[in-house]
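Kindly produce the complete structure, drawing on both the sequences and the hints.
There are 6 protein chains.
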Amino acid sequence: MEFLTPSLNKLLDDWLDEDLGRGDLSAAALQGHNGRAFWITKQEGVFCGGYLAKAIFSRLEKSVTVKLLVDDGQRINPGQRLLELQGPAHILVAGERTALNLAMHLSGVATATSVLVEQLEGTGVLLADTRKTTPGLRVFEKYAMRCGGGVNHRFGLDDAAMLKENHIAWTKDLGDALLRIRSRSPWPACIIVEAETRDQAVEAICAGADGVLLDEFSPEELKSLIPQLRALVPGQAGFRKSGHIVIEASGVKVEDLRSYSQTGVDLISTSASITKSSWLDFSMRFEPILSFK
Amino acid sequence: MEFLTPSLNKLLDDWLDEDLGRGDLSAAALQGHNGRAFWITKQEGVFCGGYLAKAIFSRLEKSVTVKLLVDDGQRINPGQRLLELQGPAHILVAGERTALNLAMHLSGVATATSVLVEQLEGTGVLLADTRKTTPGLRVFEKYAMRCGGGVNHRFGLDDAAMLKENHIAWTKDLGDALLRIRSRSPWPACIIVEAETRDQAVEAICAGADGVLLDEFSPEELKSLIPQLRALVPGQAGFRKSGHIVIEASGVKVEDLRSYSQTGVDLISTSASITKSSWLDFSMRFEPILSFK
Amino acid sequence: MEFLTPSLNKLLDDWLDEDLGRGDLSAAALQGHNGRAFWITKQEGVFCGGYLAKAIFSRLEKSVTVKLLVDDGQRINPGQRLLELQGPAHILVAGERTALNLAMHLSGVATATSVLVEQLEGTGVLLADTRKTTPGLRVFEKYAMRCGGGVNHRFGLDDAAMLKENHIAWTKDLGDALLRIRSRSPWPACIIVEAETRDQAVEAICAGADGVLLDEFSPEELKSLIPQLRALVPGQAGFRKSGHIVIEASGVKVEDLRSYSQTGVDLISTSASITKSSWLDFSMRFEPILSFK
Amino acid sequence: MEFLTPSLNKLLDDWLDEDLGRGDLSAAALQGHNGRAFWITKQEGVFCGGYLAKAIFSRLEKSVTVKLLVDDGQRINPGQRLLELQGPAHILVAGERTALNLAMHLSGVATATSVLVEQLEGTGVLLADTRKTTPGLRVFEKYAMRCGGGVNHRFGLDDAAMLKENHIAWTKDLGDALLRIRSRSPWPACIIVEAETRDQAVEAICAGADGVLLDEFSPEELKSLIPQLRALVPGQAGFRKSGHIVIEASGVKVEDLRSYSQTGVDLISTSASITKSSWLDFSMRFEPILSFK
Amino acid sequence: MEFLTPSLNKLLDDWLDEDLGRGDLSAAALQGHNGRAFWITKQEGVFCGGYLAKAIFSRLEKSVTVKLLVDDGQRINPGQRLLELQGPAHILVAGERTALNLAMHLSGVATATSVLVEQLEGTGVLLADTRKTTPGLRVFEKYAMRCGGGVNHRFGLDDAAMLKENHIAWTKDLGDALLRIRSRSPWPACIIVEAETRDQAVEAICAGADGVLLDEFSPEELKSLIPQLRALVPGQAGFRKSGHIVIEASGVKVEDLRSYSQTGVDLISTSASITKSSWLDFSMRFEPILSFK
Amino acid sequence: MEFLTPSLNKLLDDWLDEDLGRGDLSAAALQGHNGRAFWITKQEGVFCGGYLAKAIFSRLEKSVTVKLLVDDGQRINPGQRLLELQGPAHILVAGERTALNLAMHLSGVATATSVLVEQLEGTGVLLADTRKTTPGLRVFEKYAMRCGGGVNHRFGLDDAAMLKENHIAWTKDLGDALLRIRSRSPWPACIIVEAETRDQAVEAICAGADGVLLDEFSPEELKSLIPQLRALVPGQAGFRKSGHIVIEASGVKVEDLRSYSQTGVDLISTSASITKSSWLDFSMRFEPILSFK
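Chains Y, W, D, A, H and C, in that order, give the protein sequences. Mapping of the first sequence onto our numbering: residues 1 to 293, in sequence order. Mapping of the second sequence onto our numbering: residues 1 to 293, in sequence order. Mapping of the third sequence onto our numbering: residues 1 to 293, in sequence order. Mapping of the fourth sequence onto our numbering: residues 1 to 293, in sequence order. Mapping of the fifth sequence onto our numbering: residues 1 to 293, in sequence order. Mapping of the sixth sequence onto our numbering: residues 1 to 293, in sequence order.
Incorrect hints may appear among the rest.
A pair holds if it fits inside one copy or across any two, identical chains being indistinguishable in the list.
[Stated by the list, open to error] Computed list of lysine to aspartate or glutamate pairs in DMTMM-like fashion (alpha-carbon distance at most 20 Å, straight line): (1) LYS54 x ASP14; (2) LYS10 x GLU61; (3) LYS172 x ASP256; (4) LYS67 x ASP173; (5) LYS42 x GLU255; (6) LYS42 x GLU216; (7) LYS164 x ASP281; (8) LYS253 x ASP281; (9) LYS172 x GLU287; (10) LYS62 x GLU84; (11) LYS241 x GLU61.
Simulated from the structure, these hints should not be mistaken for lab results. For clarity, every value in this text was computed on a predicted model and none was experimentally measured.
Shown next, in the form of structure tokens:
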């Protein structure tokens, strides 16, 4: 994350306002002091949130300097310094909680992702996220997912379509549903079908789906089904190569990741790195004070 | 368009505020009257904007009723009534200009699109739009494009990636650029390469592009190039079928549409239906007045 | 346009967000490069949008420099360079489409206006716009109108009042309607009456209207009516001089502008320079690259 | 005020948020109760704010009913009931302070205005406001001014232009300044010149000003100057009649209003009804309670 | 006020937009000039609004310099210069009214407060404000109150709870109401009970209220009641010391402040410094002009 | 949570927009169908988010009905139905993810809280939260904390002040810092001192702190320190009774909660129920379909 759109910058403002309310009462004890501070991690993991910390403090006052000592996506160890801040004391305190909360949460997501991704190492299978993200934080949590080594699934209901159980129930005819969605969608938008049976998966591909998500199949079922699906489309080898139908597994327990990775799937999608992760624990330490004015 | 997201509803509010400013001065002459009004078209074409008119008036006051006499996407003829409004006179006047301006512009876009689409009739080639849209109106203009028979291209810089001349210039290596974009993108996001030479087109497909946009090629060049490109990927027949590489032509003059449609391209993208269209001319006629309270 | 209010700056942000969505996917291929670019026009006309381009890029990042090579309102010729940009490559790409779309559209409006204004040259009659403007762009389109040599009519329902057919229908008594509007309006607000008959025009002036808009009268009718109207108010000669009743013609076809200009009207109002204009075609060319960081 | 634009409705939301913050802590003691309440005035004056109270409570919850017992602009006496509310107790309490604060302030403005207007009774001279209004409340305070019998001056820097001392200082040539403003303004926008000497006043009218504001002249000076100014423009008799140059006095002490009203001025502008007014004192009395659910 | 939260900065933008509307028409006469200006007070009092003026002009353009010649909270005398501005003439004019209106109003509040606070001098009794503040200006008016020597009461319905007559009426049991509010409130939130009888006051303290507001008691009643209340809680001496129950009087006429200050109350709350204050009168004087570019 | 402020409602809109982006592509397959759906929990725990689900769907369309089958704060068991929805199919799908994500996360927080609170059962010691909350969700996460049986600490930097290590470092003199904060704070705002040594704790209370937070003390240290602190203020027995100094422990490991609860502290504050909780897993099941229109 090296650039924030105007609306993301506005979101940072909203988050600062959430903590500041009508103004920091304790600022009265800080006015007129300059300070230096460090972020230090108490836990190991994968860092995420340095660029955002920089952006948050700069929303409050341009004169604050934030020096990143660790890049987003880098591994960190207990006691390590993550970034260094310098500026008016009341500004450092005003942005402290918002910036730390965001970074601690995102680093937790990146760390949890990296643990899962490790299990897939060497298999060529990718770990993808889902739309189960904390309201308001999707862009940032998906960024953390990438920092941890995962790949992003669609960002919303509008950048790719997924035909699920309920869509199929309503429309009855999967092919017809797919056609209606295709004609209303921008042409580069992929349409993925969530299949719960072999037949649905086959039907989806024949109807022109760009990918199928195989939900709650066992590794054994997948092993027999996937070659059959691949045979339907004589495309190139390799993920997202033309003609390579994308096959995704979901509903996979964390402990089964390894066995699923050997079924021929392209990717496994999971919300676990968001819904089951804990925050990493960082603290902000203040240094010798320089009085100013 | 049968549903507006919260942010699109807010946009309608902003547009009403633009015309209302600090309030309609002429309302003083209307207060206390109820009215009925019709929209009538002075020109033929394709209508677009009925659902939005409904939404605009309902933002001002729930009690206004708007009855659509023509559906979006339907052909209209001079003198035809398009919709009927009923409600407090000062509300009808307050929303009149905003709703009409939007519908007259969008109907102009839909009509211009339909004229171009007609030229492609029977060829199976689709007409796509571009990102050359009026600031603030993209979602609506792209909707009008669909109403006129076109298909939408990507909606922004985020729902599909397009590698253009300048990206390639900077990165030098097309394959490397494509890889970097792929790894940062949600997996279902298509990557399209704008090619200006045969070699670039071939390189793009080999590097795994989901589509190529052939800019300012002649019909003859396309006729010889396209089969060569198709041969690179042994996919299914049919647009957006798995394995079917999407080939798009751009930089096509309106009068050449027909000859380009016989080159084997899947779609022709043009901004003409937005940048060169005129508004359709509608008027709002007020009917016998019923006094109220 | 040399200064943007806070709300207009916010509008630029909204437009950038419209194109950027959740972030430019292609930025991944540009990160770390600096660039220079030029805007070049492919068509002749009147330029409009340089100051706004400057503002748009500065919303994204202060470090981008935009050097205007042509002033708003100046004539331009095919191949001419319009402005020069320098800054981080991913920022140049992020703002490109929004800034160009706006400038190409506004330059189209300015150009169309200038063509109409030329027809009135030497007659002393002014060309005015209307409230038929694209939703969200009124302030900018009216600015483009001025760049093309036109004069602005009111900006909304609140900065001047216009009594139209429907107001008169409801209130029955024109004089009474005018009085009610006058008493609710800020005193410097002009009240204009749209008259469709001679009698309405006379009645309007006698009732104290600041101007009359004569809709769909023929040049001959105007020639006989206008002296009669002027005689009602023995004011100074010259547009907007005290006592000079302002007389405006509307519903004029573009080809009849010249003959209407010889009827004694002060101004002719038309929406044609907005509703019937095409965008001018500009392109953004990127130059040799300087790597940075 | 019988209709609120979207942005004014949003302003009411902002004001409710200001008082509610993160939510009313005392609501816990009210939940599940329904209530009825009355607004009662402790002081006499002119009421203003009933329609706005209605709007405020309806922003919180549609089910609240607000019955206006007194119209805006009506005189009220101590002990009189102003409006009646019915709805969920926690909603009545949530909107109470915001609605009352607004109405008490606006009624103070309306009352102060009416006291000044009384002094002008029978003279035909109008009392106008200025741009000295409380930030955020201009539209509402100007409405209160009308409720008290005054007339509004321009609403902002954009709906009429006023050339003041400093503009003249910078431009040196009043006529040139006026011309530059005229050409950039919508044609129906009035241009008023604030004159501090006889010569400036004469120059202004000759240069085509729509009105002159004579600042800090004595009644005697005005008596001799005004006929001279009127003679420059042989217009109709009557305020805002065509050809009638509008002459305005400012810098008038409240106790001198009467003598200024006999100098031939059209209107006297003053900020006193806003800057020197006190709030009227209203209270909200709650009635027997009906439990619900 | 030495720091503004993002939402307060946004509020300043909204206020600038209120005055600027679609743009300052008179700017056309100022473009290209640089200027210097001073704020000068015509009246004596307590100044408030310098920091905000600085913020307002910096929202419009960073290049404007504002030098404060007087600190907020300082006494000022007629003719005294308050601050000095330098920058582009059209920016100085664009922010002039908004900044002055705010400062003149807030200085009026600070001055009115200081007059009341003087009456309490030497008594140790504090003057507190209420929630009767102008919509949108609470944070600023409460700041002005502090500048004038007062102390702030709660800022909204959410940072402390006050149990009033109506809450008690609905819940019947004061103790139960207090408990319900306590359990839903953040633990550091104070709960204050507005008591109208001796018994209510006693009941409130026994039920665990953090303070009692004694409304419309006479000084004599307070003198006998307060020691009785203090005896219920054997706390430390001194306002807001642990165990010191806070006793507040309200409904006090301005002329009775002194006698109420000798009853043993800790503070007297009043809305008078806001609801009954007048604006201080400042003017902005422009100085010799430096032309630029 | 039985009432949402305008700004919280706006937050729900922002969250819906986050998922909807430019509109749900799959809606094309659902248009014209009505549906019914249930939320079912796969895990046991404490429910939170029903009222918010109701609010979310009603933001999209008033006609959707949401029937709560379980109250917020109630225990739930696997397979249990939580709520029932009925309305247009495309609306149910549009709000599904946002409402579920919020409720699953908040139910996770409520559940984690309840597990910790159980350990304190019968001890009279309360569990409080902190400012370590997910950006944008503070009001909702603190509500979930209450649903789980906890008590809220302050909501931001403005509703209570906390003097921490760094404040003391800067100001050197704790008493002076406390005084400066007190004079700038609304009087009902509590000031809490975070003490890291016995001496600081004593100094804090003597200086007039409303509470002390004892960070990273051992249970043994607390047992000896707390009686000493209580002796400094001879107040009433009982939490938040007048004169009862509030003593809070922090930095407590989850497994030590029980032993800390026996040291005489009033409350233990922890961020664990937010930073270490997992989402509860709910699904939305769609039922037989009723076609409409």
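Verification of the hints:
no.	hint	verdict
1	LYS54 x ASP14	within (16 Å within a copy, 23 Å between copies)
2	LYS10 x GLU61	both (15 Å within a copy, 15 Å between copies)
3	LYS172 x ASP256	neither (33 Å within a copy, 42 Å between copies)
4	LYS67 x ASP173	neither (57 Å within a copy, 31 Å between copies)
5	LYS42 x GLU255	between (27 Å within a copy, 19 Å between copies)
6	LYS42 x GLU216	between (38 Å within a copy, 15 Å between copies)
7	LYS164 x ASP281	between (38 Å within a copy, 18 Å between copies)
8	LYS253 x ASP281	between (26 Å within a copy, 13 Å between copies)
9	LYS172 x GLU287	between (66 Å within a copy, 14 Å between copies)
10	LYS62 x GLU84	within (15 Å within a copy, 24 Å between copies)
11	LYS241 x GLU61	neither (47 Å within a copy, 36 Å between copies)
Going down the numbered hints, you'll see the structure goes against 3, 4 and 11, while the others check out.
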